[in-house]
Amino acid sequence: MILQLAWRNFFRQRQRYRVLGAALVLGAVVFSVLFGVTASLTQTVREKAARYFSGDLDVLSYYNPDNHIIKNEKAIEKAYKESGIDIKYYHRRSLYYAADAQLFFNGSSLIQRRVIGMDFKVEQADFNRMDFVQGTPLPSKNRMDIWISDDTAHRLHVRVGDSVLLMVKTVHGFSNTLNLLVRGIFADTSFFGFACYMDYRTLNEALGRPKDAVTELGVTLGPNSSQDESARRLVSVLSRYVPVLPLFPSKDAMDAYANKANLTKSTYGVLTLTSRLKQINDLTGGIRIVNLLLSLVFILVVTIGVFNTYQMIIFERTREIGTMRAMGMSRTALVAVFLAESAILGLFSAFVGMLLGAVALWGLGGVHFPGNAVVDMFLVNGSLAWAWPWQNVLAVVAGMLLTGVLGSFYPAGKAAMQKPVDALRHDA
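Using the working numbering, read the sequence shown as starting at 2 and increasing by one per residue.
Hints listed in this document are in silico derivations from the structure and should not be mistaken for laboratory results. Possibly wrong hints are sitting among the right ones.
[Stated by the list, open to error] For each label pair, taking beta carbons as the anchor points, the in silico distance ranges come out as:
hint : residue 1 : residue 2 : range
1    : V20       : P250      : 46 to 56 Å
2    : N382      : L182      : 33 to 43 Å
3    : M328      : R233      : 38 to 48 Å
4    : K82       : T171      : 28 to 38 Å
5    : N225      : G329      : 47 to 57 Å
[As the list claims (entries may be wrong)] Derived lysine-lysine pairs resembling DSBU-like cross-links, with alpha carbons at most 30 Å apart:
hint : residue 1 : residue 2
6    : K212      : K89
7    : K170      : K266
8    : K72       : K122
9    : K72       : K89
10   : K82       : K170
11   : K261      : K170
12   : K122      : K79
13   : K266      : K252
14   : K79       : K261
15   : K170      : K252
16   : K212      : K252
17   : K266      : K72
18   : K122      : K252
19   : K75       : K122
20   : K89       : K122
21   : K170      : K122
Even glycine gets a Cβ: it sits at the ideal position worked out from N, Cα and C.
Just need the whole structure built from these sequences, with the hints factored in.
Spelled out as structure tokens, the structure:
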């Protein structure tokens, strides 16, 4: 009965609710844009980190005599499939991160933190999503290509098509060099700088590894997947086929455990993206905290506006309140009717505001922002990526309902305390 009466009153009083509705719609638009931008920033940083670190989940070999080469690749691939986790991209790589890899060009040199050998048959779709400033992500037929960051290109004065010399150390400790053609230049970030990409077979030949060897098998998870839960499921299945280390909160902790364990055969560890880079966790956590603080401030501002507007609406409906009280409606029921009207208005406002907010986000996605090492970390090809997870819908709806109900609670309660006789005498 209360909902039915609130629904009827809402449409009867829709002219009075116009200003309040407009304020709530504006609030929903701001919330939608705020949550959408936050989701975009965190999603983009996560995707770039996942691309750098072989995905959200990564399986590594911790057996030194094998030079950390994965010997049970089929078992690991089988475990990924049987675990039932949501997989967006696979990563199959041979990595060199001894911190002594150097690029040479015209007498200048620069150290590379990581040389990432990729299996392009597996990773091409994800590699295409990188922010390329020049060149192409597609490898040539001879596989003697290298992709470098724009910072590396700037320091060495290299352009696409130039031939550079890459020096690494083989598994036997000897220096080896490769002449590689710069195939593409990608936007660098301060977190993932000084890394270069090349074909994994070409890198393996230079290092003296077996031609088809890989050192990391990773996956990028779907947008709503939990890294920790997915890791637990993968370890549970993988342990049926090969020896697996326990899960650890950081790579350093897993490395320390493996070094003390005196492993005698191929043993594998599963690492999550969050366990590999604390800075990323701090960064995305900071973004969410800023979003939360801005949301709370905005809720407070809108709630005050709703409170003032609703007081005027209640004042204009005093005789109506007296009539309902005279007909036997209790104070509690009267408050419930007004709160239900506010909730209905909040739902309508959230729906309209989310539609307008989605349009605003689409417009922001078409804006090209000037890039630098910090800004590029959050952008895809210089623009905001579209991101609208289902949690955003719940957040906007909850925000509008909370704002409407909080703003109307006191005026509704105050109105319900009036005596029916006094309310009926009121002349608005």
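Output the numbers, in ascending order, of every earlier hint that fails for this structure. Numbers 2, 3 and 10, in rising order.
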